[in-house]
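Colleague: Protein chains in written order, with numbering that gives the first Met the number 0: chain A, 0 to 223; chain B, 0 to 464.
Hints were generated in silico from the structure; no laboratory data involved.
Just so it is clear, CB atoms sit at the ideal spot from N, CA and C, and this is done for glycine as well.
Hints should not be assumed to be uniformly reliable.
Said to hold, decoys possible - Cut-off 16 Å, straight-line C-alpha distance, at most; resulting in silico cross-link-like pairs (EDC-like, lysine to aspartate or glutamate):
no., chain 1, residue 1, chain 2, residue 2
1, B, Lys324, B, Glu334
2, B, Lys220, B, Asp233
3, B, Lys305, B, Asp136
4, B, Lys202, A, Glu79
5, B, Lys78, B, Asp54
6, B, Lys202, A, Glu81
7, B, Lys202, A, Glu100
8, B, Lys240, B, Glu201
9, B, Lys240, A, Glu100
10, B, Lys202, A, Glu78
Unchecked claim - Computed list of chain B residues with no C-beta within reach of chain A, every gap over 12 Å:
no., residue
11, Gly170
12, Arg282
13, Ile363
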Amino acid sequence: MKQLVLDLALPAPEPFSDFVAGENAELLFQLNEWCTGTPHARFVYLWGEPGCGKSHLLAAAARRAQARLIDACCEALPEEIEPDTLLAVDNVDSLDRAGQETLFAHFNTLRAGSGGLVSAGLLPPMLLSMLPDLATRLGWGLVYQLRPLSDSDKAAAMQARARQLGFDLSGELADYLLRHAPRGMASLYRLLEHANELALSRQKAVTMNLLREILRGQHATPAA
Amino acid sequence: MPDMENLWPYCLQELEKSLGASQFNIWIKPLAAEASSDVLTIAAPNPVFLDFIRDRYLGIIEQAAAAYCTDTPPQIHLKIGTAKRPPAPKATPAKTAAPAQANAPQPAGENKPAESRFSRGAANHETTRLNPLFTFDTLVTGKANQLARAAAEQVARHPGSGYNPLFVYGGVGLGKTHLIQSIGNFVHQHNPEARIRYIQAEKYIQDVVRAYQHKGFDEFKRYYHSLDVLLVDDIQFFVGKDKTQEEFFYLFNTLVEAGKQIILTSDRIPSDIDGLLERLKSRFSWGLTVAIEPPELEMRVAILLKKADALHFHLDANVAFFIAKSIRSNVRELEGALNRVIAYARFTNQQISIETARDALRDILAAGNRLVSVENIQKTVADYYKIKVADMHSKKRTREIARPRQIAMALTKELTQMSLPAIGDAFGGRDHTTVLHACRTIEEMRQNDQEIGTQYAYLLQMLRG
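The shape of chain A in the complex, shown without the other chains:
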């Protein structure tokens, strides 16, 4: 009989504590400064390729600062904000013209007031194809590229995540995933969660065979 897996969520880790810094230590420091309202870090923009951890960091920053988090891919920006708002906007490159104008107005409101904005996109502000008035404002604050982790940092991050989920991921298994799976961190984490769930439902450990099986039926897990 198949073991049912209870949908019990783990307590959310402390913001930033589960992020492997790699080359991103300064960026993490400044994000913390943003959360505490330090004046020089009121406007922070992160950019980097898909899967490098932008959304993860934005969500962590928003949680720590109790800021409003908007994913521009699927949510509209609020029409009006107060000048002391802390706002986090993910995927700014998905904003349409009206959304860009709204964020432009919000930026001006926040800058004139005491609020702050942390935002993220795929490209540095100078290369964003959007309203130049907005792009240059995003480039006015602190701009950081979120650098992808090295393979060894990724392995360490996966092992830490596995421990959080309640199982051990050997170096050999981490290495296997880095060779065979899409290597964005978000997709690797999803894969670990899927492996954990499958292992629990079968009352077995996470093994090479299990990972192979998951990768063979990759269509069952979202792609990176």
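The hints should help you fit chain B onto chain A, whose structure is shown.
Modeller: Chain B alone, transformed into the frame defined by chain A:
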């Protein structure tokens, strides 16, 4: 003249109607106010409260007060405090007096009791929405903006009687806002009585919409038509807002006919703003249209040094030159780069040299590490080694083809997040072990073969942009 004693009670009544009980109880009720012959002084309990009132409710309060005093709308002063009674006439000056107002001449010969009781300049400054730091003194001038500055100073000295409107245009982030606010601050400093209002175009649009929603057009008009100097930033945002344009057209005519000064900015000259009413375009060209160009190198260096100085950060002139040479596009990005360098210096606790500045600016300058696709990598590598892109997928194993293919695979692993099997697929359906082997081989060759090392580094740089 209406009874000024009842001005604030009237405003409260109107505000409660338009804001609703909850907002009114939280934000308006705690305010204390006192009205004199032509000034309504409102005291907020703390700075946060004051900021909030200024940003959110000042417009509505102004409209309500204008509705009460139909002849001459009173000026609204904001201050921090709870006392209903003003301090004695010879009280110490308010701490919040902005530097620009420190030397403001006191208007002579008029009997204005409120003036002697409050730091009129500082309180009055609130209603202008001007940033007190944007003055001619803090504006760096170079070839790019000297003409615009000269025109602006002329307008500041003789508002309403010379170039009207003054239309300043130029690309984003070149300092248009700073320039026009300098005019506002100059006029305010020399004539604290002048009714000045700086507004961004989109806020003006919101005001029009709000006036419509609350049927408050009379108050809206009374307020805007009473101004002596109106500064509207980024007028190009009026495009597509027909009602706003129409209202602005009447406002424009009224003010210009009354000899009041209008100052506008845009990212292009009036005739190039598609979607703007022709009659507005022609009126915008009545006065003087001046351009601000991107700053030249020396001006960029001067901007950096002045900005660093204002932030109490010692910036070596050589480093300023390095940053100024690297960021050419606009002042905003230049300031962003400086902010980044200062943040880096604070984080690493070290002096900034050209080397450390380069490190700090990697994320901006590189503009680099742009997103690279496997197709782009294959084409770039094939072009470089003068082979066909099709060879990247072919079964051929001659060294002239196999080596570039291995290099392309290694670059793909480094520059994308594709899985190794996916990389293998993209190179003619090869196994992931082949990709791994290619990556290891190239890694070794980069260590041991200088030529390959150089070629790889060059390709990496090309692809990252």
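Colleague: With reference to the structure, classify each hint as holding or not holding.
Modeller: Hint by hint, here is what the structure shows:
In summary, the hint linking Lys324(B) to Glu334(B) is supported, as the alpha carbons are separated by about 13 Å, within the 16 Å threshold. Among the hinted pairs, Lys220(B) with Asp233(B) is inconsistent with the structure: their alpha-carbon atoms are about 21 Å apart, more than 16 Å. As the CA atoms of Lys305(B) and Asp136(B) are separated by approximately 11 Å, the hinted pair is consistent with the 16 Å bound. The suggested pairing of Lys202(B) with Glu79(A) holds, with an alpha-carbon distance near 11 Å, which does not exceed 16 Å.
Note on Lys78(B) and Asp54(B): the hinted pairing holds, with a Cα-Cα distance of about 14 Å set against a maximum of 16 Å. Taken as a hint, the Lys202(B) and Glu81(A) pair is honoured in the structure, with Cα atoms around 14 Å apart against an allowance of 16 Å. Of the supplied pair hints, the one linking Lys202(B) and Glu100(A) holds, its CA atoms being roughly 12 Å apart against a limit of 16 Å. Note on Lys240(B) and Glu201(B): the hinted pairing holds, with a Cα-Cα distance of about 10 Å set against a maximum of 16 Å.
The hinted pair formed by Lys240(B) and Glu100(A) meets the criterion: a straight-line CA distance of about 13 Å does not exceed 16 Å. A C-alpha spacing of about 12 Å is found between Lys202(B) and Glu78(A), which places the hinted pair at or below 16 Å, so the restraint holds. Interface exclusion of Gly170(B) from chain A breaks down, the closest Cβ pair being 7 Å apart, not more than 12 Å. Every C-beta of chain A lies more than 12 Å from that of Arg282(B), the closest at about 24 Å, which supports listing it as non-interface.
A cut-off of 12 Å between C-beta atoms contradicts the statement that Ile363(B) is not in contact with chain A; the least separation is 5 Å.
Going down the numbered hints, you'll see the structure goes against 2, 11, 13, while the others check out.
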